[in-house]
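Could you slot chains F and P onto chain G? The hints should help.
Chains as they are written, first to last, in the working numbering: chain G, 1 to 185; chain F, 1001 to 1185; chain P, 2001 to 2185.
Because the hints were derived from the structure by calculation, they are not lab data.
Fair warning: this is a prediction, and the values are worked out from it, not measured in the lab.
Chain F is nowhere near these chain P residues, computed Cβ spacing over 12 Å in every case:
| hint | residue |
| --- | --- |
| 1 | Ala2049 |
| 2 | Ser2073 |
| 3 | Arg2149 |
Sample of chain G residues with no beta-carbon within 10 Å of chain P, all distances over it, derived:
| hint | residue |
| --- | --- |
| 4 | Asp42 |
| 5 | Glu57 |
| 6 | Trp59 |
| 7 | Glu134 |
| 8 | Arg136 |
Computed footprint of chain P on chain F, listed as stretches where at least three residues anywhere in the stretch have a Cβ under 8 Å from a Cβ of chain P:
| hint | segment |
| --- | --- |
| 9 | 1009-1015 |
| 10 | 1019-1033 |
| 11 | 1036-1050 |
| 12 | 1071-1085 |
| 13 | 1121-1134 |
Glycine included, every Cβ here is placed at the ideal spot set by N, Cα and C.
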Amino acid sequence: MTNIADDVLADLLARVRRLEDERDIARLIASYGPLVDAGEADAVSGLWADDGVYDVEGWLMRGRADIHAMVESPQHQGLIGRGCVHFHSPAVIAVNGGVASAVCETILLVRRDDSPDGHSRGFTVQRGGATHFELRRADVSMHGWEVVRRTTRLLDGSAESTELLSRARLSGGATAREPDADRRA
Amino acid sequence: MTNIADDVLADLLARVRRLEDERDIARLIASYGPLVDAGEADAVSGLWADDGVYDVEGWLMRGRADIHAMVESPQHQGLIGRGCVHFHSPAVIAVNGGVASAVCETILLVRRDDSPDGHSRGFTVQRGGATHFELRRADVSMHGWEVVRRTTRLLDGSAESTELLSRARLSGGATAREPDADRRA
Amino acid sequence: MTNIADDVLADLLARVRRLEDERDIARLIASYGPLVDAGEADAVSGLWADDGVYDVEGWLMRGRADIHAMVESPQHQGLIGRGCVHFHSPAVIAVNGGVASAVCETILLVRRDDSPDGHSRGFTVQRGGATHFELRRADVSMHGWEVVRRTTRLLDGSAESTELLSRARLSGGATAREPDADRRA
Chain G
1 MTNIADDVLA
11 DLLARVRRLE
21 DERDIARLIA
31 SYGPLVDAGE
41 ADAVSGLWAD
51 DGVYDVEGWL
61 MRGRADIHAM
71 VESPQHQGLI
81 GRGCVHFHSP
91 AVIAVNGGVA
101 SAVCETILLV
111 RRDDSPDGHS
121 RGFTVQRGGA
131 THFELRRADV
141 SMHGWEVVRR
151 TTRLLDGSAE
161 STELLSRARL
171 SGGATAREPD
181 ADRRA
Chain F
1001 MTNIADDVLA
1011 DLLARVRRLE
1021 DERDIARLIA
1031 SYGPLVDAGE
1041 ADAVSGLWAD
1051 DGVYDVEGWL
1061 MRGRADIHAM
1071 VESPQHQGLI
1081 GRGCVHFHSP
1091 AVIAVNGGVA
1101 SAVCETILLV
1111 RRDDSPDGHS
1121 RGFTVQRGGA
1131 THFELRRADV
1141 SMHGWEVVRR
1151 TTRLLDGSAE
1161 STELLSRARL
1171 SGGATAREPD
1181 ADRRA
Chain P
2001 MTNIADDVLA
2011 DLLARVRRLE
2021 DERDIARLIA
2031 SYGPLVDAGE
2041 ADAVSGLWAD
2051 DGVYDVEGWL
2061 MRGRADIHAM
2071 VESPQHQGLI
2081 GRGCVHFHSP
2091 AVIAVNGGVA
2101 SAVCETILLV
2111 RRDDSPDGHS
2121 RGFTVQRGGA
2131 THFELRRADV
2141 SMHGWEVVRR
2151 TTRLLDGSAE
2161 STELLSRARL
2171 SGGATAREPD
2181 ADRRA
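Excised from the complex, chain G in its bound form (with noise of 0.2 Å):
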């Protein structure tokens, strides 16, 4: 039997802590896909901060009445209808403090009328897009992290959306390791 350091306490919780952060961060990211293919629209609305923004081309929405507009407009309503999927690949979170960033890319599918291969109707994919996500933590929200920006961008060659996904390479950087003191604990 042995007394555990005190700090070696501090950095074991630190770090179990900072795998919860990653983990209720890319399930609030993997929820919004299935919420939002659903139409729930007080649940997607609710993924960002009171003061969040859902900035995505053609479309800038401020605050959670907004988002919840968006989801309830025609626009997507017809989408849900026809059958539609918002496929998020796995995110790259880097959380600092009570702040976090992730990128991930983002398909759009939606159901096709016709039937032009004759043995089933399937999905085109309607859009490809780079998405960063700005968070910051809010221990009162049941997720633990709320979105305080959200920016997607089509992937058609333009600086505007490579852009985002180059954060990709920021965000990794600045936290995929600990220190190497903390490690060896």
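The following block gives chains F and P in isolation, referenced to the frame of chain G:
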């Protein structure tokens, strides 16, 4: 140096165990696509409980033998021979003691036989689906968990399909946060 | 208050380290798509070991310089300029001390030039692939791990492609569960 309080240690062990449970379930779900696209009938059916159910519209499988038979069926083997990808999004996982649920979206891509655009045969997206898993802990299983029921429905605007996705809301709400006391330990 | 047994502490630290290793590898793999679609040649080639291999059918790259050249090649830059998404599924990761393997499925989406359905240009799925990673621990790397070999094969029904996916079975079996003694600590 200090002693660690009993409740702090118990809490820490419970938090690590939860992260491991979520990791085990995420890995089980992530392995489904590669295994079913490889035709690994034993490994695929082994993800389910002995009495597990796989309910995909038009095909209700009860027990591992049914699932094994699906993988070896001419229909599925035809997909593999042509070239297919059963793609799953990151799952929203909720563990509650010895049971768990998970929600994700799934797409099925199949290689084209023709070459409509002249420079690539490419793949078509044949289906987009809503998927819900019920799982239970199974310490004797190599995965630590086994699927009790998987339900998949085509995303075609039906209430049945969007209801499956809505469970991402309930799952998240139930388990996204530990009680504050646990987090502050 | 109680002392923590040496073996309980050692076990707990090992379990947290494993979760961190898996997190680091998942993040490395998740970053590949955003980085390669952004044309970040330094960051992409930096995911590989100095002597790492990237073996994709029709293109065998040996070492970081080869991978860097692929990202800057006219072929790849053409994809970026048109708009592309290298989408990876969540990986099945198996860590074994200082080495690890991972299996995932990958799809390549490219923006259409034409507008066949009249209301969206959309993307086509140009390729679907089986991908296997061999990695090794690299504490000096900012990712903590580096790719020793990545093998990707078109999913076209060939034994070579499905054999890569079958490794998700072996990986899972090898590491899905810690010995019971560790889990019960």
